[in-house]
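Asks: Here the protein sequences come in this chain order: S and A.
If you're matching positions, the first sequence starts at 112 in the numbering used here and goes up one per residue.
If you're matching positions, the second sequence starts at 12 in the numbering used here and goes up one per residue.
It should be emphasised that the hints constitute simulated quantities derived from the structure, not laboratory data.
Some hints here could point you the wrong way.
[As the list claims (entries may be wrong)] Straight-line C-alpha distance at most 35 Å; calculated DSBU-like pairs for lysine-lysine:
| no. | chain 1 | residue 1 | chain 2 | residue 2 |
| --- | --- | --- | --- | --- |
| 1 | S | Lys165 | A | Lys20 |
| 2 | S | Lys182 | A | Lys82 |
| 3 | S | Lys179 | A | Lys82 |
| 4 | S | Lys182 | S | Lys165 |
| 5 | S | Lys165 | A | Lys68 |
| 6 | A | Lys81 | S | Lys148 |
| 7 | S | Lys179 | S | Lys165 |
| 8 | A | Lys82 | S | Lys116 |
| 9 | S | Lys179 | A | Lys94 |
| 10 | A | Lys25 | S | Lys182 |
| 11 | A | Lys25 | S | Lys167 |
[As the list claims (entries may be wrong)] Chain A regions said to be covered by chain S (calculated; three or more residues, Cβ under 8 Å):
| no. | segment |
| --- | --- |
| 12 | 42-55 |
| 13 | 73-85 |
| 14 | 114-120 |
[What the hints assert, rightly or not] Restraint-style ranges between C-beta atoms, simulated for each label pair:
| no. | chain 1 | residue 1 | chain 2 | residue 2 | range |
| --- | --- | --- | --- | --- | --- |
| 15 | S | Ile164 | A | Pro19 | 16 to 22 Å |
| 16 | A | Pro19 | S | Arg128 | 39 to 45 Å |
| 17 | A | Thr31 | S | Val189 | 43 to 49 Å |
| 18 | A | Lys81 | S | Ala181 | 39 to 45 Å |
| 19 | A | Gly27 | S | His187 | 44 to 50 Å |
| 20 | A | Thr97 | S | Met140 | 32 to 38 Å |
| 21 | S | Gln125 | A | Gln52 | 23 to 29 Å |
| 22 | S | Glu169 | A | Arg118 | 33 to 39 Å |
| 23 | S | Asn207 | A | Gly14 | 16 to 22 Å |
| 24 | S | Phe157 | A | Gln52 | 18 to 24 Å |
This structure is a prediction, so every number in the text was calculated from the model and none was measured.
The beta-carbon is built from N, C-alpha and C at its ideal position, and this holds for glycine as well.
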Amino acid sequence: DQQVKQNSPSLSVQEGRISILNCDYTNSMFDYFLWYKKYPAEGPTFLISISSIKDKNEDGRFTVFLNKSAKHLSLHIVPSQPGDSAVYFCAASGANNLFFGTGTRLTVIP
Amino acid sequence: DGGITQSPKYLFRKEGQNVTLSCEQNLNHDAMYWYRQDPGQGLRLIYYSQIVNDFQKGDIAEGYSVSREKKESFPLTVTSAQKNPTAFYLCASRVPNTEAFFGQGTRLTVV
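Bound-form chain S, shown alone (with noise of 0.2 Å):
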């Protein structure tokens, strides 16, 4: 069964606005947390981390928040760039295993 799922597999938004990708895990004991940005054919990127002691990590344009309660982590794009279209995944690792998510294809619209 899928640890880590991301059950929006589409989201458009308009260049400027906020966008937010949702992201649920099952698996309690993971403790550290990731986001990547994947095109296709090639490796993702990492972009954002946060460690389960937090409930947010912000770098420049990227939020990530942690609800350890509910499971629950979602990334924050502000304001959100055409260059920001592609897949992201979210991440979640615990005794050094480290499962991603189905993904979420994000389009920014200029």
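Guided by the hints, dock chain A onto chain S, whose structure is given.
Replies: Relative to chain S, chain A alone:
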């Protein structure tokens, strides 16, 4: 120049043949991972290794085998027991509780 290298970029396999995908890293990372991505799908964990001479099965290990004889190398063998091997394969490495670095992937096609 540190990084993680996968080879070959494209690989063709005949039915019933074993093939080995190479993954080498010079980042001095202990942990290494193999993932499979199918069209429109996420990354599914095949195997991972936390240390030399040790590895664990991921979600979809059946039909695959790995070895970790050196810290730098984590080759993946796709055996004839893997009935649907056509996919994009990604290798990654990391230090615990940090980001994973990925190679550029190997596209395997059964012909």
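Asks: For every hint, state whether the structure bears it out.
Replies: Hints, one by one, checked against the model:
1. Straight-line distance between C-alpha atoms of Lys165(S) and Lys20(A) comes to about 39 Å, which puts the hinted pair past the 35 Å bound.
2. Distance check on the hinted pair: Lys182(S) and Lys82(A) sit about 34 Å apart at the alpha-carbon level, within 35 Å; holds.
3. Our distance criterion of 35 Å between C-alpha atoms is met by Lys179(S) and Lys82(A), whose separation comes to about 34 Å.
4. Between Lys182(S) and Lys165(S) the CA atoms are separated by roughly 13 Å; this keeps the pair inside 35 Å, and the hint holds.
5. Pair hint Lys165(S) plus Lys68(A) holds up; C-alpha atoms about 30 Å apart against a cutoff of 35 Å.
6. Restraint check for Lys81(A) and Lys148(S): the C-alpha separation of about 30 Å stays at or below 35 Å, so the hint holds.
7. With a CA separation close to 9 Å, the supplied pair Lys179(S) and Lys165(S) stays within the 35 Å bound.
8. Annotation: proposed proximity of Lys82(A) to Lys116(S) holds, straight-line Cα distance about 31 Å (limit 35 Å).
9. For the suggested pair Lys179(S) and Lys94(A), the alpha carbons sit about 38 Å apart, so the restraint of at most 35 Å is broken.
10. The suggested pairing of Lys25(A) with Lys182(S) is violated, with an alpha-carbon distance near 43 Å, which exceeds 35 Å.
11. Restraint check for Lys25(A) and Lys167(S): the C-alpha separation of about 49 Å exceeds 35 Å, so the hint is violated.
12. With 7 residues having a beta carbon nearer than 8 Å to a beta carbon of chain S, the segment 42-55 of chain A meets the requirement of three or more and the stated coverage holds.
13. With 0 residues having a beta carbon nearer than 8 Å to a beta carbon of chain S, the segment 73-85 of chain A misses the requirement of three or more and the stated coverage is violated.
14. Check result for the segment 114-120 of chain A against chain S: holds, 4 residues qualifying (beta carbon to beta carbon below 8 Å, three or more required).
15. Between Ile164(S) and Pro19(A) the C-beta distance comes to about 42 Å, which lies outside the given range of 16 to 22 Å.
16. Between Pro19(A) and Arg128(S) the beta carbon distance is about 42 Å. The supplied range of 39 to 45 Å therefore holds.
17. The given range of 43 to 49 Å is respected by Thr31(A) and Val189(S), whose C-beta atoms sit roughly 45 Å from each other.
18. Restraint check, Lys81(A) to Ala181(S): a C-beta distance of roughly 42 Å satisfies the suggested window 39 to 45 Å.
19. A hinted range of 44 to 50 Å for the beta carbons of Gly27(A) and His187(S) is consistent with their spacing of about 49 Å.
20. A beta carbon spacing of about 33 Å between Thr97(A) and Met140(S) agrees with the range 32 to 38 Å that was offered as a hint.
21. A beta carbon spacing of about 28 Å between Gln125(S) and Gln52(A) agrees with the range 23 to 29 Å that was offered as a hint.
22. In this structure the hint that Glu169(S) and Arg118(A) lie 33 to 39 Å apart at CB holds, the actual value being about 36 Å.
23. For the pair Asn207(S) and Gly14(A), the beta carbons lie near 21 Å from each other, so the given range of 16 to 22 Å is met.
24. Look at Phe157(S) against Gln52(A): about 20 Å separates their beta carbons, and that is inside 18 to 24 Å.
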